[in-house]
Every structure is written in structure tokens, then in C-alpha cells.
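A.B. asks: So the sequences go chain by chain: A and B.
UniProt numbering applies: residue 1 is where the first sequence begins, and numbers increase by one.
UniProt numbering applies: residue 1 is where the second sequence begins, and numbers increase by one.
No lab work stands behind these hints: they were computed from the structure.
C-beta atoms are modelled at their ideal positions from N, C-alpha and C, and glycine is treated no differently.
Treat the hints with caution; some may be incorrect.
Computed Cβ-Cβ distance ranges for the label pairs, DEER-style [stated by the list, open to error]:
{"id": "1", "chain 1": "B", "residue 1": "N26", "chain 2": "A", "residue 2": "Q87", "range": "54 to 62 Å"}
{"id": "2", "chain 1": "A", "residue 1": "Q87", "chain 2": "B", "residue 2": "R41", "range": "39 to 47 Å"}
{"id": "3", "chain 1": "A", "residue 1": "D173", "chain 2": "B", "residue 2": "L175", "range": "26 to 34 Å"}
{"id": "4", "chain 1": "B", "residue 1": "V123", "chain 2": "A", "residue 2": "S126", "range": "34 to 42 Å"}
{"id": "5", "chain 1": "A", "residue 1": "S152", "chain 2": "B", "residue 2": "L175", "range": "57 to 65 Å"}
{"id": "6", "chain 1": "B", "residue 1": "L175", "chain 2": "A", "residue 2": "K43", "range": "23 to 31 Å"}
{"id": "7", "chain 1": "A", "residue 1": "D173", "chain 2": "B", "residue 2": "R41", "range": "26 to 34 Å"}
{"id": "8", "chain 1": "B", "residue 1": "N26", "chain 2": "A", "residue 2": "D3", "range": "37 to 45 Å"}
{"id": "9", "chain 1": "A", "residue 1": "G88", "chain 2": "B", "residue 2": "L95", "range": "35 to 43 Å"}
{"id": "10", "chain 1": "B", "residue 1": "K49", "chain 2": "A", "residue 2": "T8", "range": "44 to 52 Å"}
{"id": "11", "chain 1": "B", "residue 1": "A121", "chain 2": "A", "residue 2": "V159", "range": "52 to 60 Å"}
{"id": "12", "chain 1": "B", "residue 1": "S133", "chain 2": "A", "residue 2": "N68", "range": "47 to 55 Å"}
{"id": "13", "chain 1": "A", "residue 1": "F22", "chain 2": "B", "residue 2": "Y89", "range": "31 to 39 Å"}
{"id": "14", "chain 1": "A", "residue 1": "F187", "chain 2": "B", "residue 2": "K140", "range": "39 to 47 Å"}
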Amino acid sequence: VKDLLCATNLRVLALNMNFQLFWSQQEQQEVTYNVQYLFGFLKNLNEDYWDKWLGVPRCENITNTCCNFSSIITSTGFYYLRVQARQGNNSCFSREIKVDPLKTNGIGPPGVRLDLSDTLLHIRISPPGGAEDEIMRDHYDLSYRILYWKNSSNKEEEVKQKEVKQTIATIPDVSPSSLYCVKVQAFSEPYNKSSAYSQQECIHTPAGSSLPLIIFGIFMGALLAVLLVGTPLVFVLYQAYNKIKYVFFPSCQPPLNIEGFGAQLFSSPYLSAAEEPLENCCVIESMVTEEGNQIDFPDYQHYKQSSRDSGNYSNDDNASGSKGSKETLEREMV
Amino acid sequence: IMNAFGLIQIGLILSSTTITSSLQCNHLPLQQRQVIKNSLRLLDKMGKKFPQQCLREKMSFRFPTQVLQPRQKESVGVAIEEIFQHIFYIFSKNLTLAAWDRTALDQFQNGLCLQIEQLEACVIKKHTQHHQSKEVSRLKLKKYFRKIDCFLKDKQHDLCSWEISRAEMRRCLQLIDKVTRKL
């Protein structure tokens, strides 16, 4: 009868130094439990230790079959635990279970955060048990195993591994416009323990370094602007310059041996010069015929031509020849 | 018969390898550093500052520092294990007059005991090779701790004798800490 009262199947589950004792209940009715612990060394002394068992706080006179005994545990040390089952006047002590905290404890998964900068992927690891809690780090000498891969839909990328001791790692040379996924596991080499893998964290790398592209685009735009606007402008300016040069500063000068031109420095032969004094050239005809007729030419005034002829060249025909020419002249007049 | 003998040999080798491989001993150096660190902290925690009146009773026990000279890593490890055992033994009884914090004292003892137990399991004691130097260190340590034990007995384990012993143990652990860091 008493055997059915005892708690059985004592087992300890520990994660990140949080220790829980579980046991199985045999009798279903009105059993209260007391969880007790003993410092391990007391068994090694040649003394009685039956009175040295201490109660675990918050696990006295309980009805559920689990107990959190983290409060009595120190990392350097070992303990024995037992459960006293009570029903009325009956009491039964379970078998003892030995607990070596660092060996029994399980390492929980670390936290992961991803950051990107240029072509570097930064992995920030938060240690299991929290950053403030140094027990895990100090006692286990934790290292971290990082698994990372490029998540592409078309083909399977190989999973790469990296082991670090620090809580920050960097993956160099990540390809642009890709989805990278990471998961991290904490492990202790001296204790040969490893945690479960953390949750998978993924991050998108930005579309290819855009800054050089922007710079190139601006450069091409500026080049085009220069070509489209600058070229006609230059052309127009050049033409204007040419015209001005043509008008004011002619490149071909008339030869200096031509009289009069050398002295005229600022006057161009192509501009209209001042009016030269005109010579009224009249062809004075005095026809001396045999009959003695004198033909008058009253319309001589019409002949006032502004002749540019300076009259240097004269018609040196003799009388006979001139007669003939005069006659033709007459005819023309009529 | 030859086959049977051969099989027995193989069996022995296999069993010995399984024993040594099942014993996880890689963690011991790391754990030892933590045990020493914790022990020093608990030694400070369990009592108050060294009482002025006990200064005149101060004795020099002359710890044999040569046992911790790292001539051989293994011999130093064995020496450390023995020192832990001696300290554990000294602090195990007649502590009523010391009036120290019981919890701190228990945790102190517990840590030492854990380390001793695991060192015993992992350090392979070579009974065949009895080095003269190892025996000499063992005797020197024995002499040193017996001196402390006699001192405590003579003073009937009063407060001052305990405080002096506590200070001495502190010095001893600090020496071990220095050596362990170098290993």
C-alpha cells in the first residue's frame, strides 16, 4: 500500500540553468509532495546526513508533480533530490536522484539578428540565457556554429558553415539582390554539449551597388546635355565670330602696292565708301558736216552719267574714225 | 586457446577505451578555474574581515610552493587534487566556534568535493610508475596540512585559529589559481 504512495520516475529537465524536477504520481487521491535536496559532499563525509536534507522553497506541500529548484542550485557543486509523498499519516520518500548542474543542464538556442552594410552581412548573436546572465558563458566557454545559405527558388545552394567564439560574425562578399538565410547553434566544446538551432532569419540584399550606376547616369546625362546644347551654341558663336572677322578683320588683304589702299587702314574695300566726286561726262558732239549743218543734240543732258570712269582712258580716235563712231552714236540715240 | 586469448585481449582493450571515452574529462580544466574562483569568493563570504585581536597569534605555515612548479603537468594536477582533498578535510568538522555562514561554507565544501570526485575519475593513477618526486610532494603537502590541523587542535578550534586557517587557505587557493591559469 505504501509503495503506491511513493513518487516514481524522477527526472530533471534543465534549460539555461533553469532546473525542473518531474515525477509520476501513482495514487490519484489527495497526495501532497515535499521536495528535498541535499548537498552532495555530505554523502562523502563519514557522518550521518539524514537530518541534513533541506526543503526546496515553493515546493513544500504541493499537489502538482513538478518543482522548479533553480534557486538552490549553484553551478559549482552537486546535489541529491528526493520527493516525499504524504497522504494523511503516511509518508514515503522516493528514490534519490543525483544532479550535476553543468552536466545535466541543456544549452538553449541563441538569438540571431541580421544587418547589412555594403557587401557585408553582419550576424549578431545573443547568447542563450540572456546577455546579462554570464553563468552560461563563463561555465561553458560557449562557441557558436553559424549555418548560412543563399535562398534561391530555382536551384539548391550549398549550406555554408562558420564557427565563431564572439557574438558577432561577418560574411563577406554577399551577392546583391539575393535572399540570405541564417541559423545559429551554441555549443560547448569542453562539455560536449550543443543547443538546438535558432529560428531561421532571412534578409534581402539590396539590388546591386546603385551608387556607381547613379554616378554613371549623371555623367552620361551631363555629356548628352553638353553635346545637345553646347554644340549648336559653339557652332553659332563660331559663325558669328567668322562673320565679324570677315567684316572687320579680313584675312585677305589687297596687295599693298596698289595705290591708295595702304593708307586706308580702317576702311574696308567692301563697305560703301564716301561718295566720290562725280564727273559729269558729256559727250559733246559738234558735228562738222560738209553741208554746214550742225546737228544739235539737245538731249545731251540725258547723258549725264555718273560715270565712274575717271576718264583717264580717252578715245584717241582720229577724225575719220571718230566720225564713224559718232554716227553710230547718233543712231543709238534715236 | 590462442584465439580465446586474443579475443580476451581485444575485449580488454575495447572495454578500457569505452571507459575512458565515456568519462567526459575535457571540461575539467575549465571547471577547475570556476571552482577556484567560486571557492575564493565563498571563503570571503562566509566570515567577516580578519579580526584584529587574532593578529598576534598569526603563524607562518610555509606552504611548499615547489609542489606547484610546473615541471610536469600531470604531477601538478595530482598535487592540486591532493590540496583540494586536504582543504576539504580541514573544513569538514568542528566549525561551531568559527560562526561562519553555513550556506556559504556548504557551497564551498560542495564545490571542492565535486572537483575532487571528477578529478579522481579522470586522472589515471599509474600505480606501476612511482615517481620519487611525486612521493616527495605528497609528503610535503601532508606535512603542511598536518601543521595546520595540529594548530587548530591546540587552539581547540577557537575563532582566531579558524580565522588564521581561513586566511592561509585563501593564500593557498590563490597560488593554485595562478598555476591553473598558466596550465
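A.B. asks: Against this structure, judge whether each hint is valid.
C.D. replies: Right, here's what the structure says about each hint:
1. Against the hinted window of 54 to 62 Å, the Cβ-Cβ separation of N26/B and Q87/A comes to about 46 Å, which falls outside the hint.
2. A hinted range of 39 to 47 Å for the beta carbons of Q87/A and R41/B is consistent with their spacing of about 43 Å.
3. A hinted range of 26 to 34 Å for the beta carbons of D173/A and L175/B is inconsistent with their spacing of about 50 Å.
4. Remark: the range hint 34 to 42 Å for V123/B to S126/A is upheld by a beta-carbon distance near 38 Å.
5. Range check, S152/A to L175/B: about 60 Å between beta-carbon atoms, so the 57 to 65 Å window is met.
6. A hinted range of 23 to 31 Å holds for the C-beta pair L175/B and K43/A, which are about 29 Å apart.
7. At about 47 Å, the beta-carbon gap between D173/A and R41/B misses the expected band of 26 to 34 Å.
8. N26/B and D3/A have their C-beta atoms about 42 Å apart, which keeps the hinted 37 to 45 Å range intact.
9. Under the hint 35 to 43 Å, the C-beta atoms of G88/A and L95/B, about 40 Å apart, fit the expected range.
10. With their beta carbons about 50 Å apart, K49/B and T8/A fall inside the hinted range of 44 to 52 Å.
11. The beta-carbon spacing between A121/B and V159/A, approximately 39 Å, falls outside the hinted interval of 52 to 60 Å.
12. For the pair S133/B and N68/A, the supplied restraint of 47 to 55 Å holds, since their beta-carbon distance comes to about 50 Å.
13. For the hinted restraint 31 to 39 Å between F22/A and Y89/B, the CB-CB distance of approximately 37 Å keeps it satisfied.
14. The hint said 39 to 47 Å for the Cβ distance between F187/A and K140/B, and at roughly 41 Å that hint holds.
When the structure is compared with the earlier hints, violations turn up for hints 1, 3, 7, 11 and for no others.
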